[in-house]
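Chemist: Going down the list, the sequences are from chains A and B.
Numbering of the first sequence is given in my numbering, commencing with residue 1 and proceeding in unit increments.
Numbering of the second sequence is given in my numbering, commencing with residue 1001 and proceeding in unit increments.
Mixed in with the good hints there might be a few duds.
To be verified - Every beta carbon over 10 Å from chain A, so not counted as near; a handful from chain B, in silico:
id, residue
1, Q1017
2, S1031
3, F1065
4, S1073
Claimed, not checked - Simulated restraints, written as ranges between beta carbons of each label pair:
id, chain 1, residue 1, chain 2, residue 2, range
5, B, E1083, A, S70, 27 to 35 Å
6, A, I12, B, P1061, 39 to 47 Å
7, B, R1111, A, K69, 15 to 23 Å
Rather than coming from a laboratory, the hints here were simulated on the basis of the structure.
Note that the Cβ used here is the ideal one computed from N, Cα and C, for glycine as well.
Residues per chain are reported as follows:
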Amino acid sequence: AQSVSQHNHHVILSEAASLELGCNYSYGGTVNLFWYVQYPGQHLQLLLKYFSGDPLVKGIKGFEAEFIKSKFSFNLRKPSVQWSDTAEYFCAVYMNRDDKIIFGKGTRLHILP
Amino acid sequence: DAGVIQSPRHEVTEMGQEVTLRCKPISGHNSLFWYRQTMMRGLELLIYFNNNVPIDDSGMPEDRFSAKMPNASFSTLKIQPSEPRDSAVYFCASSWPGQGSTEAFFGQGTRLTVV
Chain A
1 AQSVSQHNHH
11 VILSEAASLE
21 LGCNYSYGGT
31 VNLFWYVQYP
41 GQHLQLLLKY
51 FSGDPLVKGI
61 KGFEAEFIKS
71 KFSFNLRKPS
81 VQWSDTAEYF
91 CAVYMNRDDK
101 IIFGKGTRLH
111 ILP
Chain B
1001 DAGVIQSPRH
1011 EVTEMGQEVT
1021 LRCKPISGHN
1031 SLFWYRQTMM
1041 RGLELLIYFN
1051 NNVPIDDSGM
1061 PEDRFSAKMP
1071 NASFSTLKIQ
1081 PSEPRDSAVY
1091 FCASSWPGQG
1101 STEAFFGQGT
1111 RLTVV
């Protein structure tokens, strides 16, 4: 079955620490990949996306993600987090053949000041 | 464009009452999604439409839930009768894969509380 897995449900880091959030998907067809961020009390907003080309994509606020096709992964990274990065992060996969987007269950990131 | 518009933003209702949530997608988008978000279950896809036609409703929890999209600019999600466990934030999102950009744009959500 098609699925998107985010490995960590809750991550706590101190400011300036490096961040990596894991995301794996199960789908054999063509995909587009996304990371969304949801700040407390707000709706989901796009952080970055991968369609094709360079598998390392850069998004807003210093975030980046790398698509590793052989591992069906699209991990999110940031070298130095800030308190304002406290939010919930969702990995999402658009499955071309089925024309639908599936989200992972999210990772709550809490940054200690 | 004003983005995806959902109404109401907040809804408090009594158990057993009918609840209707509304969504206006971004003009020109041909895919529309309804999601439910709770602490316990995270973000769940309930149903999605393509060109106003329901494509996959396997995420709809039970027969009390129904969704319609009578035209390209409007969709509703109805719960009848509502139960306390339906309390959640319901998001509507739209996209236009044909534009080469398949990202979903989300509305502000409707926070539903069933007491």
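Chemist: State the violated hints by number, sorted upward, taking the hints as numbered earlier in the document.
Modeler: Those not satisfied are hints 2, 5, 6 and 7.
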